[in-house]
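K.L.:
Throw the hints in and build the complete structure from the sequences for me.
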Amino acid sequence: MNDLWRDYRSPGFFDEAFDDSGQPRRAAEALVRYLGEFGRDELETRRAAADLAIKSMGITFTVYSDAGMIDRAWPFDILPRTIPKHEWDRVREGLQQRVTALNMFVADLYADQRIVADGVFPREVLAQSVNFRPECVGMRPPGDIWAHICGSDLVRDGAGDIYVLEDNLRVPSGVSYMVENRLVSKRVFPELFAQHHILPVDDYASELLDSLNALSPRQDVTPNVVVLTPGVFNSAFFEHVWLAGQMGAELVQGSDLFVDSDDCVYARKIDGPQRVDVIYRRVDDAFIDPEVFRADSMLGTPGLMRAWRAGNVAIANAPGAGVADDKVVYAFVPEIIRYYLDQDAKLANVPSWLCMKDDHRAHVLDNLDSLVVKPANESGGYGMLIGPRSSATERKQFADLIQRNPRNYIAQPTLALSTVPTLIEGSARPRHVDLRPFIVSRPNDDAFVTMGGLTRVALREGSLVVNSSQGGGSKDTWIVADEGL
Amino acid sequence: MLSRLAQNLFWAGRYIERAESTSRLINATSLLLLDMPRATAFDWRALIEIVGAEDLFAQRYPDDSEASVMRFLVADRLHPSSIASCLANARENLRSARDLVPREVWEDINGLHLFIADEGQHIDSRLARSRVMDHVVRNARHMAGLIESGMSRDAAYDMFMLGVQIERADMTTRIIDVRSADLLDEQISELRPYQSVLWISVLKSLSAFQMYRRHVRVRVNGAGVVRFLLADRAFPRSVRFCIEAAAGHLARLPSASQCIAAIDDAVQRLEETDPGNLTGYRLSEFLDRMQIELNTIGETIQTRYFQQ
Chain A
1 MNDLWRDYRS PGFFDEAFDD SGQPRRAAEA LVRYLGEFGR DELETRRAAA
51 DLAIKSMGIT FTVYSDAGMI DRAWPFDILP RTIPKHEWDR VREGLQQRVT
101 ALNMFVADLY ADQRIVADGV FPREVLAQSV NFRPECVGMR PPGDIWAHIC
151 GSDLVRDGAG DIYVLEDNLR VPSGVSYMVE NRLVSKRVFP ELFAQHHILP
201 VDDYASELLD SLNALSPRQD VTPNVVVLTP GVFNSAFFEH VWLAGQMGAE
251 LVQGSDLFVD SDDCVYARKI DGPQRVDVIY RRVDDAFIDP EVFRADSMLG
301 TPGLMRAWRA GNVAIANAPG AGVADDKVVY AFVPEIIRYY LDQDAKLANV
351 PSWLCMKDDH RAHVLDNLDS LVVKPANESG GYGMLIGPRS SATERKQFAD
401 LIQRNPRNYI AQPTLALSTV PTLIEGSARP RHVDLRPFIV SRPNDDAFVT
451 MGGLTRVALR EGSLVVNSSQ GGGSKDTWIV ADEGL
Chain B
1 MLSRLAQNLF WAGRYIERAE STSRLINATS LLLLDMPRAT AFDWRALIEI
51 VGAEDLFAQR YPDDSEASVM RFLVADRLHP SSIASCLANA RENLRSARDL
101 VPREVWEDIN GLHLFIADEG QHIDSRLARS RVMDHVVRNA RHMAGLIESG
151 MSRDAAYDMF MLGVQIERAD MTTRIIDVRS ADLLDEQISE LRPYQSVLWI
201 SVLKSLSAFQ MYRRHVRVRV NGAGVVRFLL ADRAFPRSVR FCIEAAAGHL
251 ARLPSASQCI AAIDDAVQRL EETDPGNLTG YRLSEFLDRM QIELNTIGET
301 IQTRYFQQ
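Just so you know, the sequences run in chain order A and B. With the first letter of the first sequence counted as 1, position 339 gets the number 339 in our numbering; the numbers rise by one all the way through. With the first letter of the second sequence counted as 1, position 30 gets the number 30 in our numbering; the numbers rise by one all the way through.
Derived by calculation from the structure, the hints in this document are not laboratory data. Built from N, CA and C at the ideal position, the CB exists for glycine as well. Honestly, I wouldn't trust all of these hints.
Unchecked claim - If you anchor each label on the Cβ, the simulated ranges turn out as follows:
#1 B/PRO102 <-> A/SER463: 37 to 47 Å
#2 A/GLY231 <-> B/ARG60: 25 to 35 Å
#3 A/ARG389 <-> B/GLU148: 55 to 65 Å
#4 B/GLN302 <-> A/SER469: 30 to 40 Å
#5 A/LEU183 <-> B/GLN302: 37 to 47 Å
#6 B/GLU104 <-> A/GLU93: 45 to 55 Å
#7 A/SER463 <-> B/ARG77: 35 to 45 Å
#8 B/SER257 <-> A/VAL130: 48 to 58 Å
#9 A/ASP260 <-> B/VAL267: 32 to 42 Å
#10 A/PHE233 <-> B/GLN302: 17 to 27 Å
P.N.:
As structure tokens, this is what we get:
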């Protein structure tokens, strides 16, 4: 082996490429051997090729700064992450089970609320949920599916076990980068794809389009599907453009649509209004209809909820689906799965303490320096306390927050996230990763799960923050077929 | 095509064209200066009149020196038609519509926007200014080439070109309007010996001198230039050519009859009257009418396609 792997160690963590004795794991074996033959120059050439590909393919994300918004090149590490197919198959089943149960849960909350009546899900948690939308009660979307697209964040702990960290049921993003990362690594390591059986990821957009088409209220005509974006200032605008392009759907903003007196939705086109059947919305539901939700919203379309309730348009994800995208609800998912499916959860939850429970709260307040505290309804890593890295002042502040609004907080142990070799200044270094697969639920069929997902990597040594807005990078994720090993 | 994107493309076309024609105008005017007697107090304010921003300029600048006028026309972001503002607006319009134009156009407009934000600050020397203006013109031409050779002839193309043609007709009219007022004014006698130089400068500011010589074949004079720039059927910056080209784009867009009718009215006015025969207030009246016709065309397009 050459320089690349010689000093590579990840003590105290589960490394996804190497086992504790320093031997490559089976799924990574061929990759490790192959890259081991590369000199530094060759690796640098490949890295530069990846940068060039990302630039020329225009893969960007948007960040805000004092100087206005900037499109930044997507941060990508060329060393792929490998997961064996047999392991992924189990994860996929677990995700399907989880999302099926979550959809049944949301459908129940907006119908009879049996799970509350049966005492499995506390009424006071529901009562305080900011994402429960009373306006959606009584609605029955096609196939009783509310969360059509879900992005669940998975992590491995020190023992190598996979846990679900959170479920994103509102407007999860990242799938475009998953597909584009694969295109980049095909350009960078074409020969590896010839040697390995790496399962493809590029069928996502077709699967999504089929699923959206199936929701159309007009099954006698080719459905008109649109992607609804908040606009160019949104950090995920690249992805909105990408999705629309891949599906051949129009990318619209709220002001491009209007609801006519027939309660149907139309797009304003130069050849006149065009009926819209399905809206894949990437606007949070608080903003989609100023008549019903936030009246100050400039991003929505007045009357959209009226059209949706009349069954004249399908909206994915359905308004109100975010009720299950709540870190307190998260803690109940194992019970939710048991309640609706009469099964044990196939994918584990990270153990969570609910600050609303007196005994849990006492434990959390006593152990703030070792726990991660999360607010119920934030995303993107905002508003969190990472105990082991916090100051006494921050802990005091969180103790106050928790006591004032216990329902809004959960706490979890600090996980020893797994590592993956990452190219840092010409050498492979262990860096922590997570994984976001995407699950597309559809009427009358099993949910579609992406082959792997988007691997995000914290590029700074020791850091656990993988968000691209906060210095995170990404990797191509290879699900490697076992028969080739 | 979504009305919003149609509007984005139309305005991207207009703003890129406006940035280019303003750059051209600045360069031609600076060159003209070299030919003028030192004693002539050359009036830079004419440029402000051409872009129609006298009030705003007076509010923002203490004098009408060359430096003030240039700052206002090139770099001032509070002036909506400065080159820097035009390029920023073109970029904002293309941002949502970037998938509809060749990718290099987006790269060009980004580059040009950054270029002018920086270099637009260093235009006090005439040499530097002329380089900056040349760069804008060349890049605008590059984008035009990319669009011409790389864009399918679809609604996106027609909307972009519609904006270009309307803007071009508008600028040509404005330049003739302001210049002819000075040149045809018998009172400004000190300019009389320089009539022909001045009319050549008008042609040059529209890159029309070479074609004028080839096709008109008489000594450059006011009547010939006015006729050529307003009514010539073959020169691509003449008002008639531009609005006829606009009608061609409209003919391919859905339900364009009202917009085409508005253009027909303007064309008919150019057919009925030979603008070369007009002088003094009759010419300026005619030009005012043309401006109104152009505004009507713009408004008809706006109502028909962008405000549904």
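K.L.:
Look at each hint and say if it fits the structure.
P.N.:
Now for the hints, and whether the structure bears them out:
no.	hint	result
1	B/PRO102 <-> A/SER463: 37 to 47 Å	holds, 40 Å
2	A/GLY231 <-> B/ARG60: 25 to 35 Å	holds, 31 Å
3	A/ARG389 <-> B/GLU148: 55 to 65 Å	holds, 57 Å
4	B/GLN302 <-> A/SER469: 30 to 40 Å	holds, 38 Å
5	A/LEU183 <-> B/GLN302: 37 to 47 Å	holds, 41 Å
6	B/GLU104 <-> A/GLU93: 45 to 55 Å	holds, 46 Å
7	A/SER463 <-> B/ARG77: 35 to 45 Å	holds, 39 Å
8	B/SER257 <-> A/VAL130: 48 to 58 Å	holds, 52 Å
9	A/ASP260 <-> B/VAL267: 32 to 42 Å	holds, 38 Å
10	A/PHE233 <-> B/GLN302: 17 to 27 Å	holds, 25 Å
Figure legend: structure checked against the earlier numbered hints; every hint is met.
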